[in-house]
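Undergrad: Here the sequence shown stands for residues 1 to 125, where the numbers follow the working numbering.
Hints should not be assumed to be uniformly reliable.
[What the hints assert, rightly or not] Here are the simulated DSS-like cross-link-like pairs (lysine-lysine), alpha carbons at most 25 Å apart as the crow flies: (1) Lys99 / Lys37; (2) Lys47 / Lys17; (3) Lys17 / Lys99.
Source of the hints: derived by calculation from the structure; they are not laboratory data. These numbers come from a predicted model, not from an experiment.
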Amino acid sequence: MAITGDINVTIYRGDRKLWQGGRVHILLLDPFAPDRKVVVDHRTPVKATSVMLSGAPADAGQRYALIASATGRRDAGVYPIQPIPSGVRHTAVMLIDNKPAPDFSSTSFANIGAHSPAFLQALWP
């Protein structure tokens, strides 16, 4: 019987809040296999903020690549992910809009000075 490990993936939006969008397609790949073997192919339920990928082989210290994709978002990837034998490895991905638009509407010099006086001094000596 092969030794396996689990991988817990937390999914975030581009604004660093937990994912509340549609389904996410997650692939766990063995990048060193001749055919880039898909170890886990999982589609999350709608609005799932995390998913447990169970049963990734972990008997030889394998390192895997994780790719996450969702409609209207840029794909995200994480490498290396090395499962813990008979344990859980935690990782996170951030799915950013295809056409991101930064929002600095709440930014002010007073706000910057309150959070980082040194940064404000560098901006405005």
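Undergrad: Does each hint hold? Answer for all of them.
TA: Evaluation of the provided hints:
1. Lys99 / Lys37: The hint is violated at about 31 Å.
2. Lys47 / Lys17: 12 Å, holds
3. Lys17 / Lys99: Between Lys17 and Lys99 the Cα gap is close to 18 Å, so the pair holds against 25 Å.
Hint 1 alone, counting from the list given before, is not met by this structure.
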